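Just so you know, the sequences run in chain order A and B. Residue numbers for the first sequence follow numbering that gives the first Met the number 0, beginning at 0 and rising by one. Residue numbers for the second sequence follow numbering that gives the first Met the number 0, beginning at 0 and rising by one.
These aren't lab readings, by the way, just hints derived from the structure by calculation. Keep in mind that this is a model prediction, so the values were computed, not measured. Just so you know, even glycine gets a beta-carbon here, dropped at the ideal spot from N, CA and C. Treat the hints with care, since some could be wrong.
[What the hints assert, rightly or not] Pairs of lysine-lysine, DSSO-like flavour, derived with a Cα cap of 30 Å:
(1) Lys268/A to Lys91/B
(2) Lys418/A to Lys89/B
(3) Lys268/A to Lys129/B
(4) Lys264/A to Lys89/B
(5) Lys47/B to Lys259/A
[To be verified] If you want the footprint, here are the derived chain B segments under chain A, 3+ residues with CB under 8 Å:
(6) 23-29
(7) 68-82
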Amino acid sequence: MAIIEVLKKISDTVWEIPVSYKEGMRVPARIYGTEKLIREMDDAVYDQITNVATLPGITKYALCMPDGHFGYGFPIGGVAAMDVESGGVISPGGIGFDINCGMRLMVTNLTYKEVKPYIKKVVDKLYQRVPAGVGSRGFVKLSRNDFRQVVEQGARWCVRNGYGWEEDLPFIEENGCIEGADASKISEKAIDRGFNQIGTLGSGNHYLEIQVAKQENIFDPELARSMGITMPDQVVVMFHCGSRGFGHQVATDYLQTFLKVMESKYGIKILDRELACAPFNSPEGQAYFAAMKCGINMSFANRQVILHRIREVFSEVFGRTAEDLGMHMVYDVAHNTAKLERHMIDGKERSLLVHRKGATRAFAPGMADVPERYKAIGQPIIIGGSMETGSYLLVGVPTGAQTFFSTAHGSGRTMSRTKARKTWQGEKLQKDMEAKGIYVRSTSWQGLAEEAGGAYKDVDEVIEAAELAGISKRVVRLTPIGNIKG
Amino acid sequence: MSYEFLEDIAIADIAFRAWGKDLQELFKVAGDATINTMIDNLNSIEPKQTRTFSLENDALDLLLFNFLQELIYYKDSEQLLLRAQQVQIKLKNALYQLSAVTQGENLDPNRHHQRVDVKAVTLHRFQLEKVENGWTAMVILDI
Numbered sequence: 000m001a002i003i004e005v006l007k008k009i010s011d012t013v014w015e016i017p018v019s020y021k022e023g024m025r026v027p028a029r030i031y032g033t034e035k036l037i038r039e040m041d042d043a044v045y046d047q048i049t050n051v052a053t054l055p056g057i058t059k060y061a062l063c064m065p066d067g068h069f070g071y072g073f074p075i076g077g078v079a080a081m082d083v084e085s086g087g088v089i090s091p092g093g094i095g096f097d098i099n100c101g102m103r104l105m106v107t108n109l110t111y112k113e114v115k116p117y118i119k120k121v122v123d124k125l126y127q128r129v130p131a132g133v134g135s136r137g138f139v140k141l142s143r144n145d146f147r148q149v150v151e152q153g154a155r156w157c158v159r160n161g162y163g164w165e166e167d168l169p170f171i172e173e174n175g176c177i178e179g180a181d182a183s184k185i186s187e188k189a190i191d192r193g194f195n196q197i198g199t200l201g202s203g204n205h206y207l208e209i210q211v212a213k214q215e216n217i218f219d220p221e222l223a224r225s226m227g228i229t230m231p232d233q234v235v236v237m238f239h240c241g242s243r244g245f246g247h248q249v250a251t252d253y254l255q256t257f258l259k260v261m262e263s264k265y266g267i268k269i270l271d272r273e274l275a276c277a278p279f280n281s282p283e284g285q286a287y288f289a290a291m292k293c294g295i296n297m298s299f300a301n302r303q304v305i306l307h308r309i310r311e312v313f314s315e316v317f318g319r320t321a322e323d324l325g326m327h328m329v330y331d332v333a334h335n336t337a338k339l340e341r342h343m344i345d346g347k348e349r350s351l352l353v354h355r356k357g358a359t360r361a362f363a364p365g366m367a368d369v370p371e372r373y374k375a376i377g378q379p380i381i382i383g384g385s386m387e388t389g390s391y392l393l394v395g396v397p398t399g400a401q402t403f404f405s406t407a408h409g410s411g412r413t414m415s416r417t418k419a420r421k422t423w424q425g426e427k428l429q430k431d432m433e434a435k436g437i438y439v440r441s442t443s444w445q446g447l448a449e450e451a452g453g454a455y456k457d458v459d460e461v462i463e464a465a466e467l468a469g470i471s472k473r474v475v476r477l478t479p480i481g482n483i484k485g
Numbered sequence: 000m001s002y003e004f005l006e007d008i009a010i011a012d013i014a015f016r017a018w019g020k021d022l023q024e025l026f027k028v029a030g031d032a033t034i035n036t037m038i039d040n041l042n043s044i045e046p047k048q049t050r051t052f053s054l055e056n057d058a059l060d061l062l063l064f065n066f067l068q069e070l071i072y073y074k075d076s077e078q079l080l081l082r083a084q085q086v087q088i089k090l091k092n093a094l095y096q097l098s099a100v101t102q103g104e105n106l107d108p109n110r111h112h113q114r115v116d117v118k119a120v121t122l123h124r125f126q127l128e129k130v131e132n133g134w135t136a137m138v139i140l141d142i
């Protein structure tokens with residue numbers, strides 16, 4: 000039976016799969032999206048999100064955001080809140096190997112007209128200064144012991160060591176350093192893989208982009224102004240990367256730890272080994288939580304060092320200081336995490352471990368953990384679209400409670416990488432994009448072809464679906480003019 | 000002895016199926032498929048450095064998982080691109096034991112054409128099975 004016939008339509012943008020769909024489902028699954036997006040979603044999303052619905056402690060629904068697509072364990076776009084006071088689990092497969100992979104956005108006081116003559120220079124210099132590609136290494140030389148400090152202190156370590164400004168920290172989730180990161184819970188292998196990689200972009204869909212906030216793409220000028228977007232055709236810089244080999248190894252290590260104890264010690268049966276898990280309140284669950292927090296801090300540090308490099312490059316190209324160029328942070332928000340949060344469930348406040356894998360936290364106005372500057376308007380949400388189309392800045396809304404205050408994270412892929420590289424050719428794509436006013440550099444022609452805009456869903460439709468569903472609100476659509484691809 | 004990248008399995012990640020006439024060959028082929036996901040011209044990797052390692056697991060398929068993961072580890076920790084020259088697998092006291100001799104060299108962006116970095120081996124739909132003419136595996140790599 001086609002999945003669309005199994006789905007119960009809750010509203011124009013919310014679709015439910017009942018617990019009767021699969022044996023072992025503890026809660027229904029709810030998928031967000033317009034009918035068009037739902038019809039285009041690959042079947043793996045339905046299989047994966049209903050597997051998630053079988054995990055112990057899952058509360059209310061297993062959720063999938065409008066950009067959902069084929070993942071591993073969880074679908075990309077998956078959200079699951081586990082009740083930690085009643086046996087709820089923590090699962091690396093619900094976070095992703097790239098722990099705390101996320102987005103950072105900063106503004107400048109330059110306009111498109113001012114940047115356009117220098118765009119190649121800026122992109123070429125950034126390409127040199129922010130290493131990308133397979134196994135790339137950064138410029139920050141650290142001892143293994145220094146690195147242990149970095150993973151416990153995150154972006155705070157960076158600012159103390161001259162990478163960035165004190166004022167950046169409040170505009171990073173957790174103020175750039177999550178409490179409780181414990182370097183004694185990480186393996187030597189994780190350190191080996193990560194200690195050279197701070198300040199590197201990675202590859203795949205990771206990128207650094209120069210963008211323009213065009214007048215006609217500002218949906219809410221008041222909100223945009225509150226976030227520092229104040230003038231026509233203002234240039235901003237957005238980038239997407241994570242915790243690099245360090246985070247990947249932490250997740251790999253604990254995936255194996257959980258496989259060993261999950262069934263024999265805790266009697267948990269799962270439908271996909273990638274969903275290996277342990278009770279949050281168990282020695283193994285707590286060890287992973289503390290190690291995963293090291294991954295969170297590594298990614299904050301990684302993005303902080305990259306931010307510093309971007310400021311250096313702009314300063315050199317435009318012959319003005321980064322302060323003078325108004326290069327202030329808008330926000331840094333992750334989309335691969337599990338965080339302990341308080342949420343109201345059926346009138347009672349509960350402590351939930353919210354897994355977001357390819358989904359962004361979207362806190363509403365007034366909520367704790369929203370920076371003071373945004374308290375009245377809600378948490379900024381940064382959505383990376385494809386390199387050819389555009390990206391979005393959104394804001395959290397009170398009706399986001401239905402998804403534990405979570406929304407989409409990107410436009411979502413529709414075509415496999417293997418198919419995309421047969422469909423497009425990197426060199427030609429680069430030329431075509433340049434003709435459209437987007438100057439792109441990449442370490443890999445094939446990698447570039449795999450990221451073609453046509454391999455992605457329509458980002459506008461995804462963001463509109465999220466707004467119609469009441470899980471986030473559009474503020475600005477951002478248009479790419481320069482891009483560095485990993 | 001071959002492998003194939005799959006178009007219809009995994010979207011943001013890369014899936015491959017590998018075949019070998021025996022387990023040893025299958026492991027080598029799957030290793031090459033993993034490195035080939037990152038480097039397009041596999042033959043450009045010269046055997047300048049050798050790394051030998053031993054692994055064990057009580058599950059045979061997880062031994063393959065560990066083996067592929069080891070290649071990814073060297074890619075980050077030493078920027079080494081390694082191809083398996085010899086693989087031996089034994090079953091001893093209910094444990095599968097692997098010893099591997101791998102050779103390769105440091106990544107050189109001028110000679111090695113990069114594709115995409117591999118973050119990890121996933122266990123989603125991970126499969127190793129004996130078939131009529133040998134062994135086959137399906138692997139989804141996180142990109």
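Hint-by-hint comparison with the structure:
no., hint, in the structure
1, Lys268/A to Lys91/B, "holds, 28 Å"
2, Lys418/A to Lys89/B, "violated, 38 Å"
3, Lys268/A to Lys129/B, "holds, 25 Å"
4, Lys264/A to Lys89/B, "holds, 28 Å"
5, Lys47/B to Lys259/A, "violated, 37 Å"
6, 23-29, "violated (count 0)"
7, 68-82, "holds (count 7)"
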